[in-house]
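Chains as they are written, first to last, in our numbering: chain A, 8 to 614; chain B, 178 to 479; chain C, 743 to 1128.
These are computed hints drawn from the structure, not numbers from a lab. No residue lacks a Cβ here, since even glycine has one placed at the ideal position from N, Cα and C. Take these hints with a grain of salt, some might be off.
To be verified - Sample of chain C residues facing chain A (criterion: CB under 8 Å; computed from the structure):
(1) Pro854
(2) Ala858
(3) Pro861
(4) Arg865
(5) Asp879
(6) Asp922
(7) Leu949
(8) Thr958
(9) Arg961
(10) Arg963
(11) Leu981
(12) Leu1071
What the hints assert, rightly or not - Here are the simulated distance ranges between beta carbons:
(13) Met188/A x Pro446/B: 48 to 58 Å
(14) Gly1044/C x Leu285/A: 33 to 43 Å
(15) Glu462/A x Pro1028/C: 28 to 38 Å
(16) Val85/A x Arg373/B: 55 to 65 Å
(17) Asp253/B x Ser160/A: 31 to 41 Å
(18) Lys1114/C x Ser143/A: 17 to 27 Å
(19) Cys251/B x Lys194/A: 46 to 56 Å
As the list claims (entries may be wrong) - Not close to chain A: a few residues of chain B, all C-beta gaps over 10 Å, as computed:
(20) Val265
(21) Asn288
(22) Phe341
(23) Thr389
(24) Ile434
(25) Pro439
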Amino acid sequence: MTSWFDHTINGLIIGNIYALLAVGLALIFGVSRLINFAHGSVYVVGAYVGWVAVSVLHTPFPLTLVIVVALTAVLGVVVERFGIRPLAGAPRIAPLLATIGLSFVLDQTVQILFSPDPRAVPMQLPNWRVAIGGGSIGVLDLLIGGIGITAASALFAFLKLTKWGWAVRATALDRDAARAMGVDVDKVNSIVFAVASGLGGVGGVLVGMYYNVITPTMGFEATLKGIVAEVVGGVGNVPGAIVGSLLLGIIESYGVALLGTSYRNLFAFILLIVILVLRPNGLFASRRQLPPEPMTGTFVAPSRPVRLPVPLVAAAAALAIALPLLVDSGYLIQTLTNVWLYALLGLSLTLVAGTSGQVSLGHAALLAIGGYTSALLALNLGWPVWLTLFCGGLVAAALGTLLVSPAFRLRGHYVSIATLGIGEIVALVILNWESVTRGPIGVAGIPPLSLFGYELYDTNAIYWFALALMAALALLQLRLLGSHLGRTLRAVRDDDVAARSFGIGLNRYKGLAFAFGGFFAGLSGAFTAHMYSYINHETFNTQISVLALTIAILGGMGNVGGAILGSLALIGLPEVFRVAAEYRILLYGIALLLLVRFRPQGLLGTV
Amino acid sequence: MTAPFPLPAAAAPHPLLEARGLVRRFGGLTAVAGIDLSIAAGELVSVIGPNGAGKTTAFNLISGLDRPDEGSICFDGADITGRPPEAVAVAGLVRTFQHGRVFANLSVADNVLVGAHRRLTAVRPAWPVVGPLAELALALIRPPSVKAEEAALREEVREILAIFGERLLPRIDQPAYSLSYANRRRVEIARALAARPKLLLLDEPTAGMNQTETAEMLEIIAALKARGQTILLIEHKLDMVMRLSDRVVVLDDGRKIAEGLPLAVRNDPAVIEAYLGHGAVGSAARAGDDAPSAEQPLPLSA
Amino acid sequence: MISRRLFLQTGTATIAISTAGGFAQASEPAGEPVYLGVSGPLTGPNAQYGAQWKQGFDLALDQINGSGGIKGRPLRYLFEDTQSDPKQTVAVAQKFVADKRIVAELGDFASPASMAASPIYQRAGLVQFGLTNSHPDFTKTGDFIWSNSVSQADEQPLNAAFAVKRLGFKRIAVLHLNTDWGRTSKDHFVAAAKNLGAEIVATEGYLPEEKDFRSTLVRVRDANPDSLFLVSYYADAALIVRAARQTGLAVPVAASSSIYSPKFVELGGEAAEGVFTAARFFPADPRPEVQTFVTSFKAKYGKEPDAFNAYAYDTMVLFGQVLREAPELDRRTVRDTLARVKDVPSVVYGKASFDTKTRRVAGARNAELVVKGGSFTLWGGGKATN
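Could you build all of it, start to finish, from the sequences and the hints given here?
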């Protein structure tokens, strides 16, 4: 059948497009050991710069490309200089958060300048098409492929043949040794960000022309796919990133051919997990390698936690309890209810990521599992809500742990990438498993929260319920941290190799952390589902996973009080900034950047 | 206790550890090319050799951090070849690391308590799911038995730290990242002792220590040996090796080139050749290292 | 200089604040304003729709306040950005509920965000009015939850009749956005088309962020359809028709009214030519209310309105009439008046009245359109060719 040929061609075409981002991500990761979540935003900026050049300045195509490369390369240098470099001494988690903050700032700036409307980018190339199989490919397809391959070849030559290329590779291998040998590591980083960003910018404008549409929000999805492609090819491996992109494109295309369009991303993320589990160094890594030696204290900030005075905590608790009696503001109480529910999520992630060092980027999936479990048990079987809430927590704990278990053997950034993939898989299964989850229609008419047979409608009652739940579980988590398990989990985080050498089986303790944390997150999701009365597969999305991680990092990794304070700050800030209307998310991004810059160990410090 | 020279590999009636024919290749490079090693209970055996001789690789193979491509390892009557490090540790074989891997954010006391992990009753149940959940329940409920065990361990931690005099005790609640390099190495050894190992693997315990500190460490290791602790030691400071060891094993280029009593090994021409030959290149680059230098190949006359 | 041109071109989407516009100021009533709360996305992935709402609202307010306002008081709205994120819509709902000046609430955009807030509005007795909420369960939360979004059970049979009876589609492949709206619409369309004797040879749901449709269309091509029907928004539909050309799928395409936007033609380029749709709102519609809307919209924003502008405008006009007819300006009376108003002039419906059982607008009508020469024009009959 010719269709398989067509599907292969289609896969290569989309793979080409993924490669434009994957190569830059690979280069940055290779040198800076950083997943650059702002890379997709640079791609957005490139697309809009291209649009201005084409539609406003009416530049010819080559000049358009030059302008885009120049401006995005400068942007890359600025991002590195002011966003990443100041965090060189900070734990590796800090620059990750900084790139997330930067992506907010860049996306929002583009949106404010250009409006959120999609725009057409006029094609500046002749529309010649070559028939191939049952379809055809155009000049732009070839150009995108050509630019990908040329860029990779040029990079390869740059890395192998030039002095700066040597410096980049030396820095990638061992930053400290390179610095000791006189390599100007800062300059290397600048060059890498310039090259990668220039390439990303070109990617933006070419993809914009290809689809004839650009939007300020197209960066996130593009980053996600770029990361998957990069991991498939081998993190930090530039030629691998291209092959990984093409392979990802083909697998997705075959996935669509076999099961349908809704399954495209499912195939992409399952490929990601399979590669991570079977060949964590990517398809093209040959050697079985020992993990790099001292990870000690590099991923999580070494810091002394701030000790909150007991009277202060007691006063804050008393205020929280009395607040609904003191002020009559449903808005404030509702916002704080959200804060407590996100604190529950933050507690979960601060245990998993902070205490145990498993930086999960798929935590929203646990909310979704908890929410759906509780909602469906209450609706379909008529169980009382207090029981379904508990079941939501348990199922999230069990299923979450089971799903993440293949990733237990991974470490560092790989855990984040794997959990990101697992989170996406859960969302897609919820979307596609219609007989149980009702698919895209979602679950409506979820019974309200109830306790001892009384339905809780009142905003204040819901607030107290959420507060009590959160406080009780926070105390439970403190008790866990004070036990031998707290010490064991922190040992796993600080140095898993040394921990294993003292009889600490990683699977057992990572599993326990995910189970304990999963229960909290599941409970939070279940509570939320009953409060909202309606959920679907989009209710608990990737943005929430990112928010959860932000809460955990901002509060201080592993810090129970920090998770609560982080939730207060991150749920509260967008509300406080409401007066700034369209600018509020921009302000939020800037606030995030400043917090990371000046308090990389989090507000209350690592425990 | 010392055996007649040359010592056959299976001289001891029941060796505590017996490794046979260990091979480990990295790509084209063979780091360990067929090493036999055995230790009887109560012995202190040192492994020496120039840089890149395969000492740490051999340690990694024995402690389960790495898997041998060929060969077998028997510990305390059980085959532990290819077993994961946590299983090896639970069996009673515990190690320290060359560069000192303490848990940076844990206090000194917590670091040492992690060493006692394998002795906790709470971690015993090994059944899947039920075992971990039981452990979680014990940690949260903390019945009197658990509390008593924890209190006893904390008392023991102080006793272990007292071995190092006033080096660590005043810092017992400080996070490990705030310690000096030498103190981190001491914490590592304290942590390993808390495990009450049947066999203790020490990987260059005095690296980075000055003379006084080294002398202190020597006394501590000698005291441990006197208490009957079985020890396998990698060490560059040869005077220390000569004074402590019951036997010395010399590795070069992944092979065992000599084995026997310290004095005999010191005068072995093959050993001198190894240190004079390619060993010099590696050690010359590491100025300040206590490895023998080219001018003074074997400064053994301590 | 660049930024100035940009602002001119992008219209006032980013800078318009409620009742801007010079001419309205002169004759605006001076009393205490009457407020509606609007909960919608102004930032985040759906920000464009919030911006479009604003344009429609502002235009309608110019007209309402220019003609006396509400009982001598100006009508205004308070727009709270929610990013269409449920945790923010519930907070905003509490804010609106507590703000005694607000007599009714409009929005939110996506179903998960809108429906999460419904219990709060229902309990407080403040009307939540969904402009775009076609989720079949949206109004079921209670008697304060209303919508003028067309029920897909009404709209899709009209589309099916257009496609099957008049365009002569026999073997249809349906591509739909895999959301609550897309899924519901698809189900109604498929059922209606089958009733009319057409065969549905393939259905493909896609995710909102999908950009690459080549593989999907090859899969569809293998089912050998003689036509495509799209349940899409304009941006996705533009991507699909472009990809259809590239994959050699040369069959006629019809789409639900949601693709109606000048942007569809802009983004789709040549590939948009010949695409059929049956839109409720259509600028060349000769009805006076439509012509007033289109002319004044062009005057204010310098571009043609699209479907989302029209829904927003329609909603504000509706509330203008409801509030003028309401004997008292309290929340319950507003709800009761919604149930009573009859035949409000509407650019979407012609005349809008509510079915008091479903709390949705009764009846749907369609203008049958085709893209010709770079714009939507009335379809003059004649079978589809491609």
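Here is how each hint holds up against the structure:
About 5 Å separates the beta-carbon of Pro854/C from the nearest beta-carbon of chain A, less than 8 Å, and the hint is met. At its closest, the beta carbon of Ala858/C sits 4 Å from a beta carbon of chain A; the interface hint therefore holds under the 8 Å criterion. This hint holds: Pro861/C has a C-beta 5 Å from the nearest C-beta of chain A, less than the 8 Å allowed. A least Cβ separation of about 6 Å between Arg865/C and chain A falls short of the 8 Å threshold, and the interface hint therefore holds.
Against a cut-off of 8 Å between C-beta atoms, the interface hint on Asp879/C holds, since the closest Cβ of chain A lies about 4 Å away. At its closest, the beta carbon of Asp922/C sits 5 Å from a beta carbon of chain A; the interface hint therefore holds under the 8 Å criterion. Interface hint status for Leu949/C: upheld, as the beta-carbon distance to the closest one in chain A is roughly 7 Å, under 8 Å. Given hint, Thr958/C at the interface with chain A, holds; its Cβ is 4 Å from that chain's nearest Cβ, closer than 8 Å.
Taking 8 Å as the C-beta contact cut-off toward chain A, the hint placing Arg961/C at the interface holds, the least distance being around 6 Å. For Arg963/C, the shortest C-beta to C-beta distance to chain A is roughly 7 Å, which falls under 8 Å, so the interface hint holds. Interface hint status for Leu981/C: upheld, as the beta-carbon distance to the closest one in chain A is roughly 6 Å, under 8 Å. For Leu1071/C, the interface hint is violated, since its Cβ never comes within 8 Å of a Cβ in chain A; the closest pair sits about 21 Å apart.
Between Met188/A and Pro446/B the Cβ separation comes to about 38 Å, which falls outside the hinted range of 48 to 58 Å. Look at Gly1044/C against Leu285/A: about 57 Å separates their beta carbons, and that is not inside 33 to 43 Å. Between Glu462/A and Pro1028/C, the C-beta spacing of about 53 Å breaks the proposed range 28 to 38 Å. At roughly 57 Å, the beta-carbon separation of Val85/A and Arg373/B lies within the given 55 to 65 Å, and the hint holds.
For the pair Asp253/B and Ser160/A, the beta carbons lie near 57 Å from each other, so the given range of 31 to 41 Å is not met. At roughly 25 Å, the beta-carbon separation of Lys1114/C and Ser143/A lies within the given 17 to 27 Å, and the hint holds. In this structure the hint that Cys251/B and Lys194/A lie 46 to 56 Å apart at CB holds, the actual value being about 54 Å. A beta-carbon of chain A is positioned within 10 Å of the beta-carbon of Val265/B; the least distance is around 8 Å.
Residue-level check failed: Asn288/B sits 8 Å from the nearest beta carbon of chain A, not beyond 10 Å. The beta carbon of Phe341/B is kept farther than 10 Å from every beta carbon of chain A, the shortest such distance being approximately 19 Å. Every C-beta of chain A lies more than 10 Å from that of Thr389/B, the closest at about 26 Å, which supports listing it as non-interface. Every beta carbon of chain A lies more than 10 Å from that of Ile434/B, the smallest distance being close to 25 Å; the non-interface claim holds.
No beta-carbon of chain A is positioned within 10 Å of the beta-carbon of Pro439/B; the least distance is around 28 Å.
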